[in-house]
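J.: Just so you know, the protein sequences line up as chains A and B, in that order. Residue numbering for the first sequence follows this note's numbering, starting at 2 and increasing by one per position. Residue numbering for the second sequence follows this note's numbering, starting at 530 and increasing by one per position.
Simulated from the structure, these hints should not be mistaken for laboratory data. Among the hints, a few may not be true.
Claimed, not checked - In silico DSS-like cross-links for lysine-lysine, where the CA-CA straight-line distance does not exceed 25 Å:
#1 A/Lys279 - B/Lys638
#2 A/Lys279 - B/Lys595
#3 A/Lys14 - B/Lys665
#4 B/Lys605 - A/Lys279
#5 B/Lys665 - A/Lys9
#6 B/Lys595 - A/Lys14
As the structure is a prediction and not an experimental result, all values here were calculated from the model.
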Amino acid sequence: MKYTVNEKGFYGKFGGAYIPEMLYPNVEELRQNYTSIINEPSFQTEFAKLLKDYVGRPTPLYFAQRLSEAYKAKIYLKREDLCHTGAHKINNTIGQILLARRMGKKKIIAETGAGQHGVATATVCALMGMDCTVYMGQLDMDRQRPNVERMRILGAQVVPARSGNMTLKDATNEAMRHWINNPSDTHYIIGSVVGPHPYPDMVTRFQSVISEEIKAQLQEAEGNPFPDYVVACVGGGSNAAGAYYHFLEDEHVNLVGVEAAGKGVDSGESAATTALGKTGVLHGSKTLLMQTEDGQVIEPYSISAGLDYPGIGPLHAHLFDTQRVQFVSATDDDAMQAGIELSRTEGIIPAIESAHAVAALKQLAVDPDDVVVINLSGRGDKDLETYIRWGKY
Amino acid sequence: MSRLKQLFQDKKNNILSVFYTAGFPKLNDTVEIARHLQSGGADIIEIGIPFSDPVADGPTIQASNKVALDNGMTVKLLLEQVKEIRKDVNIPIVLMGYLNPVLQYGFEKFCKEAAANGVDGLILPDMPLDEFNEHKDLTSSLGLDVIFLVSPTTSAERINMIDGLSSGFVYAVSSSSTTGAKKGFTADQEQYFQKLKSANLKNPFLIGFGISDHATFSKASEYGSGAIVGSAFINLLQESSNFGKDISQFVESLKSKS
């Protein structure tokens with residue numbers, strides 16, 4: 002298994018648990034328990050039931066007829082945008098809250114950027130009757146007002162992160178500090194495949210339901226479980242990890258990751274980590290990181306708040322390093338145009354994160370017989386303001 | 530014998546280590562502050578390498594990191610400042626910081642230049658023990674002591690492992706918290722200090738986090754060989770208009786009852 006985590010928490014040279022001693026017991030408790038709990042039949046039954054009855058899984062694998070005609074390939078959309086709360090994020094929060102309950106935790110904390118993971122966390126906390134605190138950068142709170150109020154309606158406390166540049170990276174720092182200060186009764190639900198081991202592996206497993214379903218659905222639709230391409234956007238990389246997972250060892254399946262180029266990869270305002278990053282350590286793992294020569298983390302930029310992260314998960318750093326995944330990027334304009342195009346051709350307004358994946362269609366050298374699966378990770382309702390401000394429709 | 534080992538051999542109690550962030554409040558204050566700490570009577574100087582994302586730090590040290598980086602502080606400049614400090618400062622100097630800036634500078638290069646410029650010890654709180662095992666021969670050949678942290682939630686077995694890998698001293702974090710001044714110690718904290726005292730560690734230990742005045746300093750010194758003060762000193766630097774006078778008064782106020 003070339004692409005799964007080893008017993009020390011590494012994917013090749015990336016991963017590990019780079020944490021101060023104050024966090025060690027929390028992370029170690031999780032590491033010792035997560036696989037055995039996830040493998041318990043009662044956990045699996047409860048997880049599967051909630052994914053089905055509450056989240057609405059399996060999500061459809063939709064054959065996009067008109068998009069296929071436009072790009073001369075067989076294009077399927079994996080409709081994670083139809084999940085309850087509007088994105089794939091809830092697959093992970095359901096899994097982690099069930100895990101937290103089995104570990105006897107009483108309180109939940111989370112970080113959020115655009116607010117999607119925060120909403121997904123607040124939702125499962127309401128479902129389970131657990132205390133929920135979400136850290137969100139002050140700047141993001143101002144930009145994503147509706148999601149702040151959604152979390153509050155769901156009963157969560159939203160705490161502004163006012164350190165640094167007051168965005169996702171700083172919200173993550175604040176959540177880690179909260180965890181250091183509240184070690185025994187609190188579980189930290191990280192929203193992406195980042196953080197110290199075992200988070201990247203655990204979140205990947207909870208999201209792997211996406212590729213599990215794609216395989217079964219393609220078998221039915223095409224008589225073959227393997228697509229030629231799987232395309233997903235990568236911020237931290239949770240939806241991509243889930244969409245790739247069951248295809249990682251099948252090297253004939255081309256996996257494509259789409260990063261946010263912002264105003265252009267070389268513009269100084271982008272979040273294209275594989276293009277611009279170097280190996281470094283942030284938020285507990287060694288991975289590719291956008292940073293200065295002196296090792297200070299660079300604040301990324303993307304029109305999409307969900308891709309606005311200076312690193313990628315260590316699994317993705319490894320997949321980039323081994324060239325198992327082809328990484329491309331899409332600018333703000335590419336993504337916005339693709340979002341409008343998908344709206345007009347298929348009647349689906351995608352989240353701007355997911356629009357980056359759609360934008361990559363132009364960069365693929367596909368044959369008419371090729372089966373392309375795009376992971377449509379979220380819906381565009383939350384991004385209406387951004388679409389309106391962009392205005393070109 | 531290293532300066533740290535010599536210190537702990539000569540002095541068993543009331544050792545005061547003072548932490549401050551390099552490049553704060555002004556870029557070149559690093560050197561002057563060190564001189565005043567020595568003349569004021571501090572036993573160890575701990576200089577923080579600023580980082581953009583200091584997850585283990587509370588608001589005071591976070592803010593000092595940001596100011597230092599905005600001032601243009603770099604690892605390279607810090608190593609030059611240490612060389613300058615060493616011209617007239619003889620007490621042990623320890624550099625403390627997050628791993629990433631050190632990795633980007635190059636771990637080996639950093640250690641070699643640090644040792645050559647007069648650094649005695651390193652504290653890299655987010656460096657995993659496994660990873661340090663790969664560097665152990667390098668640091669010991671350079672005579673650099675490497676100090677690891679233990680916290681109240683660290684198991685007895687792990688304390689022994691950390692003590693085994695550390696040299697110079699062990700940094701005992703007083704509570705499960707980020708850095709910052711707190712009021713006094715609880716009974717649970719004192720129980721944990723007692724546990725460390727009774728553990729017969731091969732290294733002496735200093736207690737840090739939440740040390741801000743004579744009461745907390747002397748209480749910590751009842752159990753450990755002394756204590757580390759950080760945030761309270763950063764607050765002082767922030768407000769001081771006369772380092773010479775204020776720093777010696779600060780050190781004096783910690784060490785003796787006013």
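J.: Now, for every hint given, state plainly whether the structure supports it.
T.: We went through each hint and held it up to the structure:
1. A/Lys279 - B/Lys638: holds (18 Å)
2. A/Lys279 - B/Lys595: Given pair A/Lys279, B/Lys595 holds - Cα atoms ~22 Å apart, limit 25 Å.
3. A/Lys14 - B/Lys665: Given pair A/Lys14, B/Lys665 holds - Cα atoms ~19 Å apart, limit 25 Å.
4. B/Lys605 - A/Lys279: Cα-Cα ~19 Å, so holds.
5. B/Lys665 - A/Lys9: holds (19 Å)
6. B/Lys595 - A/Lys14: violated (30 Å)
When held up to the earlier numbered hints, the structure conflicts with hint 6 and nothing else.
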